[in-house]
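Asks: Here is what each chain is made of, one letter per residue.
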Amino acid sequence: MNRFKWYEAKSVEDALEQVNSTVSNEVASRTGNAAVFKAGGTDLLDLMKEGLVEPKTIVHIGNIPGMREITADLDESVRIGANVTLAEIEEHAYIRDRYLALHQAVASAATPQLRNMATIGGNLAQRTRCWYFRSIDHKCLRKGGDTCFARRGENENHAIMNNGTCVSVHASSVSTALMAFDAEVIITDGKGEEKRVPMEEFFVSPGEDATTENILRANEIITGVYLPPVKDSRKSYYIKQGPRKSYDWSIADVAVVMEMQGSKCTEARVVLGAAAPTPLRSRPAERTLTGKQVSASVAVEAATAAMERARPLSQNAYKIPLFEAIIREAIMEIV
Amino acid sequence: MDKRKEIFPHGIPGHNLGEIEREIPNDEPPAWPINDKLKVVGKRIRRNDALAKVTGSAKYTSDIQLPGMLYAKMLRANVPHAKILSIDTSKAERHPGVRAVHVFTSDDEGSKYQDVKYAGQPLAGVAADSLDIAKEAVALIEVEYETMPFVIDTEEAMKEGAPLVYEEPIGEQTDGGDVGVTHDGSEGKGNLRGPTTSSFLGGARGDLDQGFSEADVILDRTYRTQVHTHVPLETHGVVIDWKPDQMTVYASTQSTKGVRDGLASYFDLPKNKVRVICEFMGGGFGAKHSAGTFGPMAAELSRKSGRPVWLMLDRKEEHIAEGNRPNSIHHLKIGAKKDGTLTAIQQKSHGTAGVALGAGVGRIAQGLYTCPNFSTEQYDVLTHAGPGAAWRAPGNVQGAYGLEQAIDEIADMLKTDPLVLREKIDPSEVRKVLRQRGAKSFGWKYRPPGSDTGRIKKGIGVAQSTWPRFVNLDSTVEVKMYSDGTVEVRSGVQDIGTGTKTILAQVVAEELGLKAEDITVRIGDTIFPDAPGSGGSIVTGAITPPARNAAYLVKQKLFNQVAPQLETEPSMLTVSDGMIMHKEDASKKISMRDALRRMRTGQIEASASRSDDYGGFQQPWGLAYGDLGSVQFAEVSVDTETGFVKVERITAAHSCGRPLNISQIESQVNGGVIQGVSYALYESRVMDNKTGHMMNANVDQYRMPYAKEIPDIDIVLVEEYSARSSTDAYGIGEPANIATAAAVANAVYNAIGVRLYEIPMTPASILKALNKVEQ
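Those protein sequence lines, which keep their order, are chains A and B. Residue numbering for the first sequence follows numbering that gives the first Met the number 0, starting at 0 and increasing by one per position. Residue numbering for the second sequence follows numbering that gives the first Met the number 0, starting at 0 and increasing by one per position.
Be a bit skeptical, because a hint or two may be false.
As the list claims (entries may be wrong) - Once the Cα atoms are required to be at most 27 Å apart in a straight line, the calculated DSSO-like pairs of lysine-lysine come out as:
#1 LYS58/B / LYS48/A
#2 LYS689/B / LYS767/B
#3 LYS457/B / LYS244/A
Honestly, the hints are just simulated from the structure, not real lab data. As the structure is a computational prediction, the values presented were derived from the model and not from experiment.
Here chain B stands alone, though its shape is the one from the complex (with noise of 0.2 Å):
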């Protein structure tokens, strides 16, 4: 591919702006300047499907209605671990309006079925004519079980002797979002897979003895976060329509690509048989990745009834069997100087995603801050629960929450304003213009631990993360001009709720000289080209290249039939404001509308894929690191009598290279701040450790925030110009989740001087923490 060098904005606005050469592929479009001169990218545009969303016409998987179309309820497992001896589904199968049951057997070799893991594994299916008779179905299969020892506790299970969840060694975790964290589950002994001592950023470093020896404040501390699971507004589904043809399948999921080819793996399929919509989503967080259990039952379901097949998970069975963020136990170990130098870091963490793997935190330890020394063992540690997925930023959660308690904590030896201890030991230049701009919103002036008087005590914190910028470059978009006008991108990727629809509107209509609501797109089905699944925050910055290049190759074909026409080189035409124009005389124009009409073909289009990242990938596979920086500032309310925590406000500060759409960024960093209040405050699976069964799996008492719960959020949105893509966007959504607990620990443990080390902080830890508990 012929290359050629252009100028890219670079740098901060108002901090360091600048310009770099980049060399760049020959059909890619010259730079855009900064957002201050655009007039579609980086403005509040509204959310082109909003309207179909809050008048209700949006069709999202659960509205699905096909002619035909049966309904079906899965049999889960209630005992937490057993051999099943049989399945009498004969009962079922004659209960009238039944018109197809199916039952997972196992091809092992001695048991017909598979073993039951977790309290809620799904065993079996029915699908019949409508939800009631499903379910009254499922109620009438009789399970022989054989139950075993089980274990559930986290401690428990790393004991000697425990019962094991899986005697055999175990596959990689696959429905993660994350990437490079996990080992393959073959090592480790008992209920232990690991240890992980390494990732993309490298393995240990230095020396950490000689670390240690140089420092002159060691702190050795443990943190423990609980498990966490996704509840998204929408559950788990699909509606599957199984014809020999095609297999159809309405998905709520956040990845059509891994639907696709999971289903088609599962069946032996070419995956030019299996055709996955997805037009509108209810939220993932991680855990929607792939096609689950359900996916293959529905379409059993179809495949024997031959009738499209509705199965929608309900509530419970979303919070017991469709992932969670693992809990973990995070032992960190830090020397550092009297002037705040990080001399070692050691870590060493243990958590459970149940029957699965995933529970690595060790990431944000190794790449956040400067430390020559460093070592991690990261153990995933079994138990008989529902499987973990990724959950919004996979481990960096947990271990941003271990590691910047720790830096408060060390700041605090120090004597010093753990603000001023993060500018000595933090490299990243965007987060120190995050830091000063943050603090200013904020208002951050630091008051030493526990130095509020009265029954209500305030205290701030802060706590910083970063997210690596992942491109995946098997991203694909189509955009079409019409004859009349109209404007038509293409894209098999999703919309998993953050604004991907948009967003491309946006980028196309930007390089088109259009509006954003001139342009339609047609996204979240795999007809249209491929393009990643929403996870690691790669979408925005995967996706949006490719829409503005091939916009930009759609006009460039455009101008070659208009420059006749104008009398001019296609090189010489511009376009603005719905006008085709010479760039020097003005005499020279058309409109786009006329222009089109005069087309040779009825359409022009052009597809672009994702190229590599101009001035190349900092990891060969597609990683940029330490690009997506957030410093959050938290500051809460503690009442000393009763334990209540309220978090008063928070001040996002993020950076997610250009900001593309500034109404939709805030959106998700309203989310992820919430949640995260919610990780630390609120949200908590409850498991029986006698029974194996979840206490909590409903949204009663699995404590979801509501509008009280919720603080003054302030968000402070720095651009960042890095010249690595068409669009230099990236994504926000996992960034804007990781700080947010960390924070509203530190500043719990400055309202009252007491530090908790386990979240979420309820009434019950609190009053603990105050010594007010005699027990």
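Excised from the complex, chain A in its bound form (with noise of 0.2 Å):
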């Protein structure tokens, strides 16, 4: 890891002054005079350790007051702040009785003794776990390479849905129950103007710009996720399937949430995890799932859906019966 200067950010403000470029911009093309965000660095660091990024300094945004609440509005919808950790997420009562589905995917999420250090914001922001992407010894498309190493390498963690140019997942499992609630990043610029970005529209998908996997400016920063207000009858479930149940990386995930009335569906968001580089909302499963009465057999029916536009690599195809069966399952422990 190379020499870095530190600076502790007093506000938001004052980091956003403070910093000059993004991970992403200095895992691409580095610039060497780089000053880049660090809140949690369970990402950081592993990226400075393989020398994917060097920067010269490393505002820390930890200790930025105001960044670190849950706070409820009064229409009932919920603010995380930026650096609240996944450990704070995790043991929020509200929040698992509410918005059950996150309160799953933060706690399969990583160790706990990484939900310790790591944050909301940074999860989000996080890059992903490609092996290709992580190895200084290859100039992937993610790093401003003119080759996807895994297309036809190793790509058994890797894409089935949306794969056409770069085939890596995204990391963050969380975003995956995040976006089936409809949460929104809440970003602010240099201006300290603040604004908030549906998780669709947050994530940029490789075929748009390889570089980066977020929408994320040198001059923005994450200052906090917003999550709509959900009725009682709003009912969600996630599953996480790693290779080890103490700690990994996904290679499936899913967040079903499901508006009930009584045993039918009146509207629902499925988002798959590790399925394509981004988190992805699986619209034929949802459409499958909408103004229906929920059964066995349309648990199935959505599950197959969910999987009609996969086109696997060559180690791949085993993610369809297991997005199948997880999303089976998801859907049936909500009814």
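Since each chain sits alone in its own frame, please combine them into the complex, following the hints.
Replies: See the structure below:
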């Protein structure tokens, strides 16, 4: 790891004044003079250890006042500050009660030690765990190169959908659940202006730009996540399948959120993680569920519909039955 | 040497325990009774270094700090096969804080540098004031490569026309802990080396054609295992301080002697000018017998800079360059009669240890079961990947994975309980007891494969192993008693982490009538007498007899001094609970401390070396075979929709002669089982065939088991007395690891009714086996 300067940001404005680049920019084309954000550091340190980024200055945002709170608004929407740790979300009773799938996704992420350090903002902004991307010896599409090594290489963990360019999958399984609740990313820019961006618009597909995984620019910072209010009739469930149970990256995860009237689903969100380069809403599955009395056979239909557009690579066709299994299970857990 | 006869316990308590008369050297003690009647040996004694380890006061190699010490980093090739045209270190040398730079060169004519044969091969090194500076300097070294075609995949490497790893014959693998299984590397063509057609058990036997013609069923299968890296918690590394009068080496090693001899030979130094110290050791599993390339590098940098040099590898280097368990493509053809009798075993295997040798897997098929007709052909396949090294029961783990599934399959063909089939074909008396007691503890009740219903299917499986009982006669221990009553044990032997230090204290304490905590054990330093490396599960059986024998000699010397004071003969004295007593007259006694205070010298000492096995060796060079048995039982559950396998529980029934420390033996078995489960389900080195790099050289995506992956482990330990030495104890490190993966594989088959012929068994391979993947 390179030697660097440490800057302790006192406010969002202060932090934005100090940074001059994003980690994504630095991985693709290093300036040698970069100042980048660090919150929990669980992702940045791994990238630095491999030599993929060599920031000159690390702007620590972890102690900025007011960024580490979970607050409910009068309309019962929830705002999670960007520096709230995954452990704090996991322990939050209101989130567990109202947003079960989010609680489950957070609780199954990484390890207790990592959840104590990792923040929700950092989780959204983290880079893919594709082993070619993580290797200093492979200048892949995501690093500004012209090859996706995984496409014809070792791709057992990789994307089965939207895999026309880079075939990596996004590392944030928490996003799978956030997207299913129509969460929005709160982004503040250098002028102090705040905007709310729906999760689907926050992530960038590699077809648009492989060198970044989200829309963040150097003069922007995630300051929080907005969760719309949910009624008691909105039920959810999340399942993550990793190769190991104690700790692993997802090889397939799914969040299902359904508005239920009795056993009838009136609105559905089905979001797949580790299926595509970004967390992916499965509209075919959602359409299958919407307006139906949800039964085991409807769950099978929805799962099948979710995988209709799957185009597996040489080593990952197993993800199709795996996704089908966990989608069915998540739906049936709700009804 | 004069000998005398003594009566020893012999056999298995509760089964066939009896006595046997052995002729033993006169300077060795009489037999101990069985463990029930001993006070310190065979008990659950706390590790004597436990407190130091858990409080962090134990200093491992990477903790060593010496005055003026520099930190070193090596430059490694980032291409898998190349000629090196130039290495320019000038920028690195000018980098502020750099104190020495060294480049590995070649003695070959026509090339200044060694060819690169795998990505990660060390080329050069830098020593600097800090590790950060050393890393920066390494990045400034410029290497010009002329890249060449390479081959990573084992089967591709076997094809005619594949890029060659070596054009010339190569020598024997040097970093192994295995004995007698590799050929010399000179035979073979292309990237193939071998075949090995024999082991110390002999070569082919009988007539295969005849054997197969007598068979009622013939099984013909290929079993595949992955490359498995060692991942010791502590990486390889050294701190070397090369002074004019002595090279002092702090090493993370499982062989102080091996590192000393290696460095002495590399630098043409006398052995008495190299001192190797390893007081605490963070794991090796077979990969840490030598000084590697990092040892000579650190020594060169120390010589050039005149300063001590710290060189510890990082996790990535560890995975890539410091050893692995070779993969195997293991072909077995086995014939059996209807009653289960094996008529023929034909074995052929290929495996790659990368740029090294040592991929043989045949011995377990040769020796585990009675079968009159046998042949083996084992090939090494050279590939452009990091060198293999001995790995906890080298060859046998891969071998057992194949053989023990094949036996399971034959049981299936004969529609019999696989445990019953083994009863028929296994000649070992100890494994008979292990099967009985293990099956009872596990609750073995055979059920047909695939008979469980529902989404989650449970299954049970069993597998066996054997491991030869090696003895290394170059095992010497000194015991000293000081006049203040304290006792010190000294040997160059290292404690790889299994608890060697503690068992040495136990056997000496037992002999001297003291408590284990009364004994200070000083080991892991070549200024003490030589002892073997921690490989082959040799150490316990090699080093504890001389430790006891030296304590016995010290005790005799003390008795000689005490006897006149108690007005008796030395032979009439005995020790117990810190007292020296007359065997018949209870009034004649003196405390050990008082006796020592009255000695003529400030200390008495004796040393002893390992003598031949009582009753003689089964092989002339220190080998007894068939003694270290294990039978392991596994229960798994398989989610047939997600392909997820969980090993629920393992019953591991083991023997290791006279158990010395029950807690430590259980630790070894726990560790062996966990590594076996991990081998069956999780760990696998992933190489990119197109670029030649390892893709998961970390502990994030190289999947180690954590708490939830670890099954309940039930250990059944069988005492077996064979009257072979004064402690009659053997090691258990390797036996603990051999059978697990095969037992798990058999259990998965039993659960789902479909057999996977390859590990690791992952959701991908399970779903494929269940025909749920369209590809």
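Asks: Now tell me, hint by hint, if it's right for this structure.
Replies: Structure-based check of each hint:
For a cut-off of 27 Å, the pair hint linking LYS58/B to LYS48/A stands: about 25 Å separates their Cα positions. Annotation: proposed proximity of LYS689/B to LYS767/B holds, straight-line Cα distance about 25 Å (limit 27 Å). Proposed proximity of LYS457/B and LYS244/A is supported: the alpha carbons are some 18 Å apart, at most 27 Å.
This entry satisfies every hint, going by the numbered hints stated previously.
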